[in-house]
Amino acid sequence: MPKLSPRVLRLLGDNPSKFTLQGSNTYLVGSGPRRFLIDTGEGGRKAWTEGLEKVLREEGITGIEGVLLTHWHPDHVGGVGDVRGVCGRVFGGNGDGEVRVFKNQSRAGAKGEEGIEDGQVLRTADGETSLRAFYCPGHAVDHMAFVLEEEGAVFTGDNVLGHGTAVFEDLAAYMRSLEGMVGLFGQGAKADGGTGRAYPGHGEVIEDGKDRVREYIAHRKEREVQILDALKGLATGGAGRAAGQDEGGSSSQISSSSMDVVKVVYKDYPENLWVPAEGGVVQVLRKLEGEGRVKSLENGNWKLAEGEKNRTSKHIGILDAAPVYERLPGFQVPEGHLRCCVYSPDGRFFAWASPEKVSVVDASVGHLVTELHADNVYELGFSPLGTYIITWQRPSKDEEGNATKNLKVWKTIDEAVAQGGTRDVVGQFVQKQQTGWNLQYTADEAFCARCVTNEVQFYEATNLAQPWNRLRVEGATDFALAGNEKHSVAVFTPERKGQPASVKVFNVPHFNAPVSQKTFFKGDKVQLKWNNQGTSLIVLAQTDVDKSNKSYYGETTMYILSANGGFDSRIQLDKEGPIHDVSWSPNSKEFGVVYGYMPAKTTIFNARAIPQHSFNLGPRNTIIFSPHGRFVIVAGFGNLAGTMDIYDLEKNYEKVATIEASNSSICEWSPDGRHILTATTSPRLRVDNGIKIWHVGGGLMYKEDFQELYHVVWRPLSTTHLPLTGDPVKEMPAPHASAKDYLATVKTPSKPAGAYRPPGARGQATPLSFKREDEGGAAFVREMMSGKAPESNGFGPSAASRRRAVPGAEKIDGGAGAGAGGDRSAAPGAAAAANAQAADGDENLSKAALKNKKKREAKKAKEAEAKSQGLTVDGEGMNGNATPAGQNGRSPERKDRPRSRSKSNYEAPRPSSRRRDGSRQRGPPGGPPALHTNNAQASGNKKAPGGGPPAQNKPSAPAAQAAPAPAPELTVTSPGNGTSEEKKIRSLLKKLRAIDDLKMRQAGGEKLEGTQVLKIGTEEQVRKELGGLGYSE
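Counted the way our numbering counts, the sequence shown spans residues 8 to 1040.
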């Protein structure tokens, strides 16, 4: 039960699921002998009741002041009876009278349950802990939060969770509750600023509860905006025109069903999630109806209320950045419902779309260049040299029901318009999907391409009326054009019907055969990343589902191919876990990868996928090279803290600076390679929106806040116009006044409280298994549901301590008699010591286990007596031959094999087998050697004449004298041969052979198991061990 603060202990409810996350959180609150318990789990969970009883005893608690229930759901109130039972056992009595239960809107018939009201304060008997109730319905009608006034922390129940978002019964009430909860954090009669923590009903502790609640509010408001936008698009004849007209019969106002809205808002989600999502959309629509922003119709459809169309207002600004940090004087700031904006790749033009038109300005001065009269444009793009501008509108149908051509290509500067003529489109297509909507152009704009069913169509940029060439690839779903002179194109085909996925590289227009290709399994979708020169391609493959159950987000693998077909390989990574990010350096000679379970590892590879340098482990998931390739940012964004490390690649990967940029959703290098832009944007967050510009040396240069910021981007410029001269790190200019003002208000962060340590662990060093890997702890291996015991995370037997049992062998502790390879079979003469040690633990055995143990001991004693008389007939073998005493008709090698295996197909194990390197000879010294009762012979040994021992490995003289007369049809094996070093070398060589075999199977396209892939990854370690033993190939 971890201690989260001096007054808060948490006990998990032992009920993990996809709805309860890791389980329901229950909290013991207080510091004295009597404490409050918040929530009780779902009940009937033995681990929870035992844990509660244990902590009550260990902490010296003499009574429960009261059980506070956040709401009525069973996973929070089900354990009330269990609490009473525990209190009865710990404190005496039956527990009913000692435990008071408090709940808002107390349940009729609930024994001993008292009501609780908004604002009510409950205190422990010693007066050191106070909890104030706060009524916050929404998730449930009776929901209560509790403010720990001494810490300014809030127990949020299920209104705010440690992971993801909460569900709700009444959205309007839920939003009002969230707004009220914002002011609870850090407040209290004794808080003195407080911690501001949130202790949720499910999930981990939230350090900044106020920010998390604001995120929830922003998320819900953003969903409202998306639903309103969807209704607007559907009402103007978009994807939902088939939904029907409104009650007045107006053709300009189209009503839509809730499922029509779902299909727009959740278009990028799998269709099997649309039905569950519809309930949430209906909740939002009902809230908006209550606010007078939408209207429900009798047929169940919805439409916008009058005046809602122009409610949202946005504007665009262009900032002339370092060193002036002023608005571009020639740019007229547009306002209105602006949907998107974009720079041309060469930096000449800047364009944005309003509902009526598309405007294009000169990016350097801000003057208007041209306008396109295209309405309802949702996506904009330029060709590489800015010659063409591409627009995408929502799919729609004409009066005859045919799909309209919604992807259009225009000339940016049209001479006909300059002479007073009309502007014509260069080409237009039907493009239903918004994902991957744009055309792909070659760097010289000679060709462009788009992917359609089973083929990639190529067009001459000046003639889009009909395809210039076609690349036919059955099942192709994605492609990427390279920037090289040969115009290479990579095409991806996912797995289907048992066939592996593939990536093939062709040179345009030679489509007869690929110049390079790679086939692989575990590839439902890919990212295709060409380097700038177009000479190499990285394929980042991902599956939708991780069949090993190690991750919610599927499995990731990575491959590299050369454009000329001279090289391809799977990129082997030495840390288990997902691939978070991969990025090429602008020099096209190296790339960086962030991978592995947190703390992640970041490695720089050369173009042949050979590791060049690895950075320190840390919570990172992003890598970004500077435009000149000199610096690299390794950062952790999203759900990580936003720490950015900057390294100088030209100075032996020296760390230049560390920047803390929390809550950043955008991070980009400036074109001059000296500045870094970070921004917090909506809908990622609706609070603290703004931009920060940093110097590469780590200093803050500029800061500007926005009420709501949707998008920010640098103007693209070529590095040839902005050479990186001098020492950029040391040449740090003076910061802007906005940065100075901000830095003056930043407080020094307080030292975080240490982790709770149980009494028995206090004053001792922290075990490596409980430290993070980047802090010197043991590597974490995620096995989860694979059925394997954890090997190196401290919660299971380690590789060093695992023992392989030899059937019939007596086990002892310590190293005496331990065979090479980790077996702990009893050496001759060690049975008595082993039995003496085992006797100490007999009292811990059950009656059945003790009875079986006595039977085994009696059997061993009988076998030992028989051994002293030499060979005994213990049943007839294959040929009716006698067997050695104590072996029960099976040699030590065969005792390791299941009895169900066919004797005729059994192959004798190799002498290098690890489990038999130890005590292979059984019985007292001088006893007979092990014998086979079948015709299989040991690998590499030939039977000596007369059935004696093998000619290669003769036993010692005393053993030979003690052996009985040779029996016919018997094969004699040696207890072992060679030194321990030689045996170890043979074992390692065997592993190498197995690894080579796996690599050959993998190269042939066979889909390997996860354990087999991990085994391939141990090749380097095996070779190191061989080198350490003095072996050379």
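It is worth saying that the hints were derived from the structure and are not from the lab.
For each residue, glycine too, the CB sits at the ideal point set by N, CA and C.
Check the hints yourself; a few may be wrong.
[To be verified] Pairwise CB distance ranges, derived in the manner of DEER restraints:
id, residue 1, residue 2, range
1, 734, 437, 37 to 43 angstroms
2, 437, 1003, 49 to 55 angstroms
3, 531, 1000, 54 to 60 angstroms
4, 531, 472, 32 to 38 angstroms
5, 712, 353, 41 to 47 angstroms
6, 60, 1014, 47 to 53 angstroms
Hint check results:
The hinted range of 37 to 43 angstroms is not satisfied by residue 734 and residue 437, whose Cβ atoms lie roughly 54 angstroms apart. The given range of 49 to 55 angstroms is respected by residue 437 and residue 1003, whose C-beta atoms sit roughly 52 angstroms from each other. Residue 531 and residue 1000 have their C-beta atoms about 33 angstroms apart, which leaves the hinted 54 to 60 angstroms range violated. Between residue 531 and residue 472 the C-beta distance comes to about 35 angstroms, which sits within the given range of 32 to 38 angstroms.
Distance hint for residue 712 and residue 353: a CB-CB separation of about 31 angstroms, inconsistent with the stated range 41 to 47 angstroms. Between residue 60 and residue 1014 the Cβ separation comes to about 49 angstroms, which falls inside the hinted range of 47 to 53 angstroms.
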